[in-house]
Every structure is written in structure tokens, then in C-alpha cells.
Amino acid sequence: MLALRDLSVTFRGYPVLRNLSFDLASGETLGLVGESGSGKSMTALALMGLLPPGFEAKGSIRLRGTELLGLPDKALCRLRGRAMAMIFQEPMTALNPVLTVGAQIAEGLVLHGLMDPRAAMAEAIRLMERVGLPDPARRARSYPHELSGGQRQRAMIAMAISCRPAVLIADEPTSALDVSLQVEILALLREIRAETGMAMIFISHDLSVISAMADRALVLYGGLAMESGPVRPVIDRPAHPYTQGLIAAIPRGTAHTHRLSPIRGQVPDLASLPPGCPFAGRCTLGDARCAGTPPPLRSGLTQIHCHHAEPVPA
Amino acid sequence: MALFLIKRLVGLVLTLFLAALVIFLVLEILPGDPAAMMMGVSATPETVAALQAELGLDRPAATRFLDWLAGIFTGHLGLSYTYRVPVAGLIAERLVVTVPLSLMALALAVTAGVTFGTLAAANAHRRADMIVMVLTQLGLAIPNFWFGILLILVFAIGWGWFPAGGFPGWAADPLLAFRALLLPAIALALPQAASLARITRSTMLETLSEDYIRTARAKGLSRGQTIRRHALRNALIPVLTILGLQFSFLLAGTIVLENVFALPGLGRLLIQAIGGHDLILIKSLVLFYVATAILVNAMVDLAYGLADPRLRVGRA
Amino acid sequence: MNPAWRHPSFRVGAILMGLVLGAALLSLVWTPYDPAEMRIMARLRPPSAQNWLGTDQFGRDIASMVLVGARNALLVGFVAVGIGLVFGVALGMLAALYRGRLIDEAVMRALDFIFAFPAVLTAILILTWFGPGLVNAVVAIGIFNIPVFARQARGATLQVLAQDYIRAARLAGLSRPAVMLRHILPNITGLMIVQGSTQFAFAILAEASLSYLGIGTQPPNPSWGRMLNDAQTYLGTAPHLALVPGLAIAIAVLAFNLLGDGLRDLLDPRMKER
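Chains as they are written, first to last, in numbering that gives the first Met the number 0: chain A, 0 to 313; chain B, 0 to 315; chain C, 0 to 273.
Simulated from the structure, these hints should not be mistaken for laboratory data. We put the CB at the ideal spot given by N, CA and C, even for glycine. Treat the hints with caution; some may be incorrect.
Unchecked claim - Here are some, though not all, of the chain A residues that point toward chain B, as calculated from beta-carbon distances under 8 angstroms: (1) Arg77; (2) Met85; (3) Leu94; (4) Leu110.
To be verified - Derived coverage of chain B by chain C (criterion: at least 3 residues anywhere in the stretch with Cβ under 8 angstroms from a Cβ of chain C; other residues may be distant): (5) 4–18; (6) 253–265; (7) 275–289.
Using the sequences and the hints given, assemble the complete structure.
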């Protein structure tokens, strides 16, 4: 249903994302794993056609056969929210402070011509109930600042699923929440996915969250797909040194909970990336070839980009 | 909420009282003998004494001040020295020029300022933005009274579309009266529009970088829809805070523009009163201007609280 | 090349200010005619070889008057900004130093009160008291400037006071006045210069308005605002009289506004308008 082929994103000439390819079938969930600045949020924004100014995307993104790259904004507007929707990381700032929650949820339904404003508001209240917001009729008239962080993220989910999108992109939807809330929100997303049969791209730096949510996983580092494949082998038997390192780091609790705004603070890192494997400098197997030449794709149980490591045989 | 309002109200009344006190001190106490000042150097002691008696200046200052304050509420503000008619009546008949003039100018300034500011922000760093920014610099630099003179030169003397000055009165010909106020209102609005455009541009740019703008775009709203439905209100809330100050400048501007266009408003009355050393009239006129500026600022403060749901006091 | 020069606002502002300053300085040593000399036979002349910008209703040379007017405008700006700067910065720093105490509250409330009076009205009050005239007009504009500078100075001082090195200096035994002079004043100078530039432009505009109304600069001293008032009487017969003085005001105001904008960007790159 969704097919990415050699998607590359550059910011003022520096690569942010390099030749990313993957497919996503209906009802399937792909987990995008990576640290801050690995390019995972840029992947999401490129899919939505919402890359900030200065970013450029090349390659191909096909959604149900329609090429999205190069599509005029007008056509993209008809797809955004309707065919593909997105949940953002920061529930505190992603909602408009001067509009009621109900109005913000109903807005997409009216915009895409699915309902008249009255019906849309009723639907918004129904959706709010579905995502577990207490007293939805009253909450619909509340402003975002009157809701807790967890409630806001529920409202955000209601907004994203309102037009029953074919693909839902969830960009670190639980990273800003308490652990107990995280579990609830993840459960909610799983329920909704089962009900609607929508495909999902779930972005997280947290491998345990990915393993709970995704059918397949794709590990990004420095804009390059390090390893991808079915989620169990990627996590249980990783072949790429970077994935191995990432998994080894989990028990020590050095999860990278730092939020990075998409533009700032990335440029120097991107500028200093080697033309070859982005992980070259930190890799235990790295040699001169790694930094100079882009690593080849090797397939086995998982697919890896690496000069040295061998994939686990299928 | 009630307590908050009461506190504000007390502060407002106190400010107004202080303003009246300062005006009274400056105009009636500090000059020493207002009567002598009003009559000028040619006056004999006898005529000065007669005027003193007429104006009640022989009474204690505190009594005079309290009388004046009471007069503000009863409308007994004394007789104008130069016009020989009650001050309250003079002010009332001039209001019909000054109030519509300032409201027209305010409407023009806000409309033009917000439109051009938003246009500039939506096209940040592109040609439209540059043009708007250059125009606003010119708008801030061109003195409003000179702009008024230029408008007269082109539209009244040159093309004869508008009267060069004067005011026919609303009763005689409302349309003509409106036309008489249009050029001065445009001249008055120019600097305010320029400054509002600059402020709108910068708050709009800030708003457009917010996360919820991206959320709105992700919902499928076009850039234009996003600006209109999501950005504009958020961007205008900070603009609102300076609108009170803008109004103060605009009010002061009416004094100048009424004199450019020979409009029989409060500003022209004030300058004529200054020319005639009519302290009785000046006192009440200045208080009127200052009180209006203070009241409008207070109202803007209140409106600010209403416009931003986060600041609405007393809501859960 | 100097980086400041590359900033477009700063560059245009500097050029225009050079123009105004040049005119003012030139008028000290030379003007085509005595700007006060009246020649009734040569009244209301259009621009010509003898009178480059024509003559007014008394036969005075417009070009000479505009040149001397530049001197007048700059003088107004300097004194009005000077008054605002000296009293405003002192009061603002005082308020910041005693932040939250009675003196802070009293000073800032008093200044808010002054600020509530529109500038032209403050001027009118003072002018009614002292009588019309340039000095009184300038003092009035200066008084209006005090709260503007005081607010800025207070805010900036509070920001500097919150820095660690100030606490370190205090711990090292530096007295409050010493901290003010050695650390805070240099730190807020830039901001005050930026504000000063903007207020300079404002002062020129305000004096022009007052003089236009006949309560600012008094004849025979030439003032651009006053010239426009005279010009308006003869708008039908000698429209050229209304053009040059207004243009002169606009150029002077533009110069200081642009300089202020440029300096703000140059002093604090983060403030740069995106």
C-alpha cells in the first residue's frame, strides 16, 4: 500500500536521510528505531509532505499507487489527515491553545467534506469517548491547557484517526508521557489499529516500545537504514553492530530521551558525517573502508547495510 | 475573578484621579495666577481681579479641585474663557468629529496592519515581504501631518475628489461628512498601520513555527487555511497588548490631523484654547484625552484576558 | 569590509544620517542665504538658480531654512533622548536593584503614570505652563522618553543581575554601586543605544508635530514642522513649499529608525527578525 524507494532527504546539501526503502501493507506496523537526529522524524515529515523549509526530498513515495513526491500542495492537502495522519511527540504544544479540543478534532472531518459541522462535533465527542477521555461532551468544549498531558495525547489520537486514515504515523507518541500513561496509550493505539485495520508507522527511540507495537522494525542511524526486518529477529538476533550496541545499551538505561527539534543542532553532525557508513567512527568493526564507501546491502533473516557483519542466515 | 476585577477597577479609578490632580496642579496651581496668565501682559490689576472672582479663583485650591471633579460627573465644567459658553457643551459638540475620526483611523490601521503583516510573514524573506518591510519603514518615517498635506495636495487640490478641509456636519450631509473625515483618517492611520504590520509580521512568524501549526497542516489544511484558522488568532493576541499604546498615539495624532484638515474636533479646540490661554477649557480637554487613553488601555488589558483562553481567570 | 556595513538597514540608515548630519554641520558655516532674511520682493518663488528650493511667503530661502532645520532636528533629538536616557536608565537600574521592594514599585508606577499621558499631551501641558518654545517642547518629549528607557533598563538590568558572574562579583565583595557601574552599565549600553536611536526618531517626529501646531519651535528659528505649517497656507499657489521640509523630516526619522533596527540585529543576532 505504501512504498518508499530510495527516499533521500537533504538539508542545504547535507544528507539527512539516505536511500531509504521500505514497504508497508494494510494493517501492518513498521517500527522506526533510532536516536535523535537519526532521520526518523524526517522520514515521517517527508511522508506527510511537511518537510520544513530548506529540506529537500528525492526518490519515491507511493501511497496506493500515487506518487507523493512532487505532488502539488493542494493535492497533498486532500491526502493529509484523510489518507495519512500523524500523531506528534509533544502533546503540550501540538494542540492549538486558543481553539477548543472538540473543534480541533472535528475540523478535519469538515475540511475533508465528510460531515457537516454539527455531525462532525458529535463525531468528535464519540471519538473522544473512544480514546478514553472522561466526560467527552464537556471535554470537547475545553481548551488544551485544561487537559492533562495524557488527555491531550488522547485528544491528539482522536484527531489523527478522525478521518480513518489508511496510514497512521505516530512520532514518539509516548515519549513525553509518564511510564504508566505510556502503557495505556500504547494499548489504546493497538486497540484502534485492530478496529480500523490501518497501517502504522511507529517511531520511537525505545526498542521495548517498538517490540510491543511493530510487526517489522527498521533501525536508522545517521540517515541510513542500519538493519531492517521482522521485529523479533531484529531485536533478538541483531546482525548489525549498531543494532547490537543499541540493544546492549538497554539494560543500562541509557535511552536517549532527548527531544531534538528537527532543524537546530543537527547540521554540524550531518556535516561531519563520513560519505560511507555513518556509524564508522563509533563502530567496533570499523576500518578505513567504512568511512569512505557506502556499505552494501546484505540480506538474510534481516537486511543490513554493513561492510563487515554478516546477516543471520534466513 | 471578581476580586481581580475590583482590584483593577480601584487601580483605574486611582490613576484617573491622579491624572486629574496632576493636570489641575500643572494648569491652575503652578502658573501662580491663572487669571493673569489668561489675560496676558496687557491686563490691568482690576480686570485680573474681576476674572479671578468670575472664575472663583479666590476660593481655596482644594475646593476648586473638588468642584472640578464633581463637574466631570454633573457636566458643570465652567464657562470657556474665550468662547463664553459651557465647556461641557463645547466638548460634546466636538466629539462627533474626533470620535468617528479616531475610530475610522483605528479600523484602517488594524485592517491594513494585520493584512500586510500577515502577508509579509506568509512570504517571509521573499519579495512581498521585502516590499512590505520597506513600505512600513516609510510609513513610520513619514510624519502623519505631512502625509495629510500631501493627500490634500493630490486628492483635494489636484483631483478635487475630496474637500481640502472643513467639516459640513453629520446632519447636513452624512456622506459628505464621511468624505471629509476619510483623508485625515488615512493620514492618521499610516504610521499606526506600519507599526502594526511590523508587529503582526514578527508575532505571525513566531506563531507559524509552533508545533500546532504543523498539526493543522498534518490535518490537511492548506497554508492559507492554517494561517486564517490557527495562526491568526494566536498571532494577534500579543498584537492586542500594544493596541492600547497605539491608540494613545492615534489620539494624540487626531490633535494634529484635525488642525491639518481644519476639522472642528477636540484637537482643533485644544490648539485654539492654547492660543487663547483658555485654561478652563484646556484643563477639561486635556483630562478628556488622558482619561480616554487610560480607559482604552484598561479595556485592552481586559480584552487581552478574554482573547487568550489560558488567561481567562476563574475557569477550571 | 566591516560586518555592520553589510547590514542593509544599518547601511541605508548610516548614509541617511550622514546626509542629515552633513546638512546640520554645513549650516553652521554656510547657507546659501541668511535663513531669517526676508525679501518681500522675492516671495513664494519656485525653485530657481538663485533659490534652489524656492522662497517662502516672506521671501526667505527655503534651502537655507531646511539646512538650518537639520541642526534644529538633531538638537531636539539629542536633548530629548539625553533627558530620557539619563533619568530613565538611572531610575530603571534603581528599580531593578531594589526589585520587588517599595522603591521599585513606586518608581515603576510613577513612570507608568507618565507613560499613560500621550507624548503630545505631556508637551501641551508643559507648554501651557511655560509657554510655547523649542526648549519646553524638547523637555516635554524628553520626559515622555524617561519611562521608555526606564522600562528597558530595568528589564535588561534584571537579566544581567541573574547571571552567575554578577553573583560572583557580589560575593567577591563588590558593592552594589560598583556592580552597577562595572558590570551592568556596560552590558545594557548596547540596548540603550538601540532604544535611543528609535527614540531619537520619535523625538524628531514629535517636535515636528508640535512646531507644526505652532507650540514648538518659534520663529525666527527654522523648524521643518513650522515650515510645513506655513506651507499649507500657500498649498494652492506654491505646493513646492510643502515637499522639501516633509521629505527632510521623513529622511531624518528613517535614518534613526533604520540605524536602530540595524544596531539591534548587529548587537544581538538572536533578535534578528527571521
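Okay, the hints, checked on the actual structure:
1. Checking A:Arg77 against chain B: minimum C-beta separation of about 7 angstroms stays under 8 angstroms; hint holds.
2. Look at A:Met85: its Cβ gets to within about 4 angstroms of chain B, closer than 8 angstroms, so that hint holds up.
3. A hinted interface residue such as A:Leu94 counts as satisfied when its beta carbon comes closer than 8 angstroms to some beta carbon of chain B; here the least separation is about 6 angstroms, so the hint holds.
4. For the restraint placing A:Leu110 at the interface with chain B, the shortest Cβ-Cβ distance is roughly 6 angstroms, inside the 8 angstroms limit, so the hint holds.
5. Here's how the region 4–18 of chain B fares: 3 of its residues keep a CB closer than 8 angstroms to some CB of chain C, so the rule of at least three is met and the hint holds.
6. Coverage of the region 253–265 of chain B by chain C holds [criterion: at least 3 residues with CB-CB distance below 8 angstroms; count 4].
7. Counting residues of the region 275–289 of chain B whose CB lies closer than 8 angstroms to any CB of chain C gives 5, so the stated coverage by that chain holds, three being the minimum.
Hint compliance for this structure: every hint is met.
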